[in-house]
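Colleague: With the hints as extra help, turn the sequences into a complete structure.
Number of protein chains: 2
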Amino acid sequence: MKTVSENRCFGGVQGVYSHSSDATGGEMTFGLFLPEESQFGPVPVLWYLSGLTCTHENAMVKAGAQAWAADHGIALVFPDTSPRGADVADDDAYDLGQGAGFYVNATEAPWAPHFRMWDYVAQDLPTLLAAQFPLDMERQAITGHSMGGHGALTLAMAHPGRYRSVSAFAPIAHPAASDWGRKQLTAYLGADETAWARHDATLQMRATGFDGPVLIDQGADDQFLDLLQPEALAQAMAARRQDGTFRMQKGYDHSYFFVASFMEDHLDFHAEALNG
Amino acid sequence: MKTVSENRCFGGVQGVYSHSSDATGGEMTFGLFLPEESQFGPVPVLWYLSGLTCTHENAMVKAGAQAWAADHGIALVFPDTSPRGADVADDDAYDLGQGAGFYVNATEAPWAPHFRMWDYVAQDLPTLLAAQFPLDMERQAITGHSMGGHGALTLAMAHPGRYRSVSAFAPIAHPAASDWGRKQLTAYLGADETAWARHDATLQMRATGFDGPVLIDQGADDQFLDLLQPEALAQAMAARRQDGTFRMQKGYDHSYFFVASFMEDHLDFHAEALNG
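Top line first, the protein sequences correspond to chains L and Z.
So for the first sequence, this note's numbering puts the first residue at 1; every next one is plus one.
So for the second sequence, this note's numbering puts the first residue at 1; every next one is plus one.
Everything labelled a hint here was simulated from the structure, so no lab data went into it.
Treat the hints with caution; some may be incorrect.
Pairs count within a copy or across copies, as identical chains cannot be separated in the list.
Claimed, not checked - In silico DSSO-like cross-links for lysine-lysine, where the CA-CA straight-line distance does not exceed 27 Å: (1) K62 / K2; (2) K250 / K2; (3) K250 / K62; (4) K2 / K183; (5) K250 / K183.
Modeller: Written as structure tokens, this is what we have:
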């Protein structure tokens, strides 16, 4: 593991590190905020998965999460959204290839060898974090924005017992029925839709739900509402009587200004599950 | 005036606007955060002046100020740091020309016609803001980072009665004695150092001080300490018995992670002067 940068931040340290990943077969970069409390012992961890076109950096500098994570003594992990590099397949579209890993393990060419973000976030990076940093991996929670909200919800529901709570900002809620999803799931996983099921939060909510509390925030003026399909997830949550809250936020769009506006609520929500 | 963008943010609106400026003789862009309270009447204003290489956007997306401004019902103005455009003089160095206006009215070629950021921030933009937005211009305060901290302090001391409070994050505190200053003041104002005096916070603190409270935060691990010369300003504040606080913050560097870490304190400080 290599230290890219470390900056003092809200009494803790905002670091950026890179490492060679078995899952993606290449060098990966991530951000990690460690609160002051980590000097005295392992602290709980909140994963933040980012959206299309983002790197590890966007949320780290724009979401304002460190202020509230510091208040609660919680670490924040900011993984990248895909493998990177000249030897990694890519596409001209912003929503496929590099910057658009969709948190799946690709089985189709040309994506299969590197695009394994599901394993990267679920196995590779947690193993590294547990070995290298003072983190209590028994206390994990997960959140994300847009494609990252999709990743957070699907990873959480597929790993019962691992994440104590899950939240999402404007998640891609039903990718199997959306142009933000069908294109990517076909490219990465092939045309057989049975392989898609665990990568669709609405389908997973219908099938199993989540074994802890859920918080979803969605801007009512989001320019991508038709692609995100929040109503499908809200209906599935209601039908399952899922422990959770779905909030439609008047006037908010898809930007980081929306994410930052409700970050305190999400940190409070996860802190109750992690520290309560 | 043209609306570039408006995003709902912490119950208010983060806007970006552009307008033709008499002071700089060209199109200027600025950010303005209006808190929810502005729907019901004029709100007080905190100016945030940015540092070298920044535009109106950096602090707007990275400093996390809107969270605390919303708490206090205060508007935030984020001006650009220089005139811009193909017809505006520039220099290859990051610290001269576009992105490096130093908050002065240039008198020397080739800078003189456009580089009038002092008048832009002190006259042009306030006039526009007062005419276009629900702002209480009787309640203004000013802050900034690095070159912007220099701008905030020098503007505040040169305009007694205008700003109720002034603060700065790692300001360029003594430019007349620093490589971040001598080069720019020579280029913009000429070699006669008597013209520099009102553009040096330490010299102005020695000469007049500020007619309100002052808050300075400086990272002890700032990589630019020798250029910033915070000790000169701290000594001048002490000698004058200036109403104010100078804090050397252990472990912090020059980045926005430092700025964001203490933004809540600065908003609390200004809110007491603006709303108290």
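Colleague: Which numbered hints turn out to be false for this structure?
Modeller: Numbers 4, 5 - these are the hints that the structure violates, sorted from lowest upward.
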